[in-house]
Amino acid sequence: MNIVDQLYARRPVETLSFDSETAFETLRDQLLEIKQINAYYVKKVLKRIIDLGLYIDDTDWIYDEYVTLLNVTDKDQYSQIDSIRYFFKNKYEIDGDRIYVDIYEKPNLISASGTTGFRTWEASLFLCEYILQNEILFKDQNILELGCGTGICSILLEKMQYPQKIYVTDGDSELISNQLVRNFELNKISRDNNSNIVLQRLWWNEDKIPNDIDIVIGADITFDASLFDSLCQCLLECLTYCKICLISATIRNQDTTDSFILTTKKLGMKIEEISRTETLENTTLLAPVVIYKISK
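Going by the UniProt record's numbering, 67 is the number at position 67 of the sequence shown; the sequence numbering is gapless.
Just so you know, these hints were derived from the structure itself, not from any lab. Idealized CB from N, CA, C, for every residue including glycine. Any given hint might turn out to be false.
To be verified - Derived pair list, reagent style DSS-like, types lysine-lysine, alpha-carbon separation capped at 30 Å: (1) K75 / K89; (2) K243 / K265; (3) K139 / K47.
What the hints assert, rightly or not - Across the chosen pairs, the derived CB separations fall in these ranges: (4) I99 / Q254: 19 to 25 Å; (5) D58 / S295: 26 to 32 Å; (6) V198 / K47: 41 to 47 Å; (7) K293 / Q233: 46 to 52 Å; (8) P288 / S226: 34 to 40 Å; (9) D258 / E21: 54 to 60 Å; (10) S259 / T22: 42 to 48 Å; (11) I189 / N134: 20 to 26 Å.
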């Protein structure tokens, strides 16, 4: 991933990899664009460049720009919504034809109003990569996404025109009616007179599961062990109508992961690991992520 793509995705500055192929003028223009919506991030990037001693031929501009941002603090940006672009590759990609999804986020927040839907989590990005590499699984299928958050996986599916119908669900009604709608509109996906895109609240093991689904997906919905009973009961009900559920999980705590696996097995479901970030080459994902296939 080149530096411009990393900046688009607001990668943490300590993880940025500055490539020699990107001209400084291109980097400068990108920083000026980001500055309009997230000046604090640009300040941190410039500080990183200075600390690393990069672009020594352009230090005048770098220092001058950094000085103008000295008074900008994280508090100025803490609750601000940023527009972030995620680039993806698929096996059919040709030069100049890149796949991306734009998402409104609050990258400085872990949660907001009780929801994780203001940030895109790495398990979602890994699931997006898996979708693009395995399009035959999703083509012309009716798909249900659980705990959609920012909606990035469903938006990618719709942009690629894979599903016949897609149910985009989350337990947060406000997220569904506001943030999620804005993210679909940001990607120029119109839901007007389009019955193939359904945005709705879905409480696990409480709200009704659509009965016409072929496959279920979910990303980073296994972080809270107290919800495993409800989640796994929901997955079991989903398997009444579909053949498989694909769950992308960030491995933060092995005990939590083991608890999720055990809960699925106790309910008579089969669970197997089908993809893992550690097996990928040139991945820019920071955390270990596993995709599980769950079936009866």
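Verification of the hints:
1. K75 / K89: Roughly 35 Å separates the two Cα atoms, so the pair is violated.
2. K243 / K265: OK: K243 and K265 at ~16 Å, within 30 Å.
3. K139 / K47: Violated, at roughly 45 Å.
4. I99 / Q254: 19 to 25 Å: Taking Cβ atoms as reference, I99 and Q254 lie about 33 Å apart, which means the hint is violated.
5. D58 / S295: 26 to 32 Å: violated (55 Å)
6. V198 / K47: 41 to 47 Å: At roughly 45 Å between Cβ atoms, K47 and V198 fall inside 41 to 47 Å, so the hint holds.
7. K293 / Q233: 46 to 52 Å: Taking Cβ atoms as reference, K293 and Q233 lie about 18 Å apart, which means the hint is violated.
8. P288 / S226: 34 to 40 Å: violated (22 Å)
9. D258 / E21: 54 to 60 Å: violated (43 Å)
10. S259 / T22: 42 to 48 Å: The hint (42 to 48 Å, Cβ to Cβ) holds, given that S259 and T22 are roughly 44 Å apart.
11. I189 / N134: 20 to 26 Å: holds (22 Å)
Comparing the model with each numbered hint stated earlier shows that hints 1, 3, 4, 5, 7, 8, 9 do not hold.
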